[in-house]
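A.B. asks: Please put together the full structure from these sequences, using the hints given.
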Amino acid sequence: MPVDEPTAKDTFVAAEAAAPAAAPEPFVEDGRADMVLDFVIDVLAAMGMDCTVDLLEPDEDDPPEEIRLEIEGKDAGRIIGKKGQTLSALQFVANRVVNRPSRQRRHVIIDAEGYRARREEALASMARRLGKQAVDEGKIITFEPMSPQDRRVVHLALAKFAGVVTKSDGEGEQRRVQIIPVRR
Amino acid sequence: MRSSPLSTLVGLIARALVDHPDRVVVREVDGDHHPRIELLVAPEDIGKVIGKDGRTAQSIRTLLAAAAMRAGKRAHLDIVD
Chain W
1 MPVDEPTAKD TFVAAEAAAP AAAPEPFVED GRADMVLDFV IDVLAAMGMD CTVDLLEPDE
61 DDPPEEIRLE IEGKDAGRII GKKGQTLSAL QFVANRVVNR PSRQRRHVII DAEGYRARRE
121 EALASMARRL GKQAVDEGKI ITFEPMSPQD RRVVHLALAK FAGVVTKSDG EGEQRRVQII
181 PVRR
Chain H
1 MRSSPLSTLV GLIARALVDH PDRVVVREVD GDHHPRIELL VAPEDIGKVI GKDGRTAQSI
61 RTLLAAAAMR AGKRAHLDIV D
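Residue numbers (the numbering used here), protein chains in the order written: chain W, 1 to 184; chain H, 1 to 81.
Please keep in mind that the hints were generated in silico from the structure rather than gathered at the bench. Heads up, the beta-carbon is just placed ideally off N, CA and C, and yes, glycines get one too.
Examples of chain H residues toward chain W, derived with CB under 7 Å:
(1) LEU9
(2) LEU12
(3) ALA16
(4) LEU17
(5) SER59
(6) THR62
(7) LEU63
(8) ALA66
(9) ARG70
(10) ALA71
As a list, the in silico DSS-like pairs of lysine-lysine whose alpha-carbon atoms are at most 25 Å apart:
(11) LYS83/W - LYS73/H
(12) LYS167/W - LYS52/H
(13) LYS52/H - LYS83/W
(14) LYS73/H - LYS74/W
(15) LYS132/W - LYS167/W
(16) LYS82/W - LYS52/H
(17) LYS82/W - LYS73/H
(18) LYS139/W - LYS160/W
(19) LYS167/W - LYS139/W
(20) LYS132/W - LYS160/W
The following label-pair restraints were derived from C-beta to C-beta distances:
(21) GLY31/H - HIS107/W: 36 to 42 Å
(22) ASP81/H - ASP62/W: 37 to 43 Å
(23) ASP34/W - ASP19/H: 19 to 25 Å
(24) ASP32/H - GLY73/W: 31 to 37 Å
(25) ARG152/W - ASP32/H: 39 to 45 Å
(26) GLY77/W - GLY31/H: 24 to 30 Å
(27) GLN58/H - ARG129/W: 29 to 35 Å
(28) GLN58/H - PRO64/W: 27 to 33 Å
(29) MET35/W - GLN58/H: 22 to 28 Å
(30) GLU57/W - GLY72/H: 35 to 41 Å
(31) ASP78/H - ALA159/W: 43 to 49 Å
(32) LYS52/H - GLY138/W: 36 to 42 Å
(33) ASP30/W - PRO21/H: 17 to 23 Å
(34) GLY73/W - ALA42/H: 33 to 39 Å
C.D. replies: Dropping the structure here:
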């Protein structure tokens, strides 16, 4: 990716932004996106799966360390597996492969035919509904234990929701999100 | 020692996870009911294929099961230490 020379305007904005705290280093793609794409293609081929894998262009508001892959094709359902567990296993292994202790963390997200996106939207909409209920009833609402990814979806869905804060409580597999109404 | 698509899969994943890919050995042996895939890695790489709370090993087993099912088979993974 070409890096533009900073213009006078950029420099001015950067100087302003840098005043309170040093701005983080801008993220530069380090080749691990293509590396993990090749790995996932090889694994699915070795599994005998009939599918294609695409590396998605990052959206402007996506964190730059994220790597998003989308699987499509005849075997997408098999690749998702029961309750998405085969897809989760593939994503977990892909994250282990790209992340080594000495390097900046990359976050690999693998979806198949929009399965994860649909599930996340359903979870986010449930979180907003329960957020409203927590405010209306003035009560703390506690979720069932969930994976770190699912807890993150709930936290993000309610991050800008007026009148509640969210936090996670418990250890390991038993960690649950709580929606806590705040007094105004 | 025989090689099959299932042992190829296990070897591919294991070599991507470890620091010493040249020391990954995958063997396929007949089990009581299903083929048993044995994975051997360098002693210092054992943790990398097992992972915290066994999550990496669990994920490899899940992928192996999906591949076996795709081929109408079942398979068992043994990580040999």
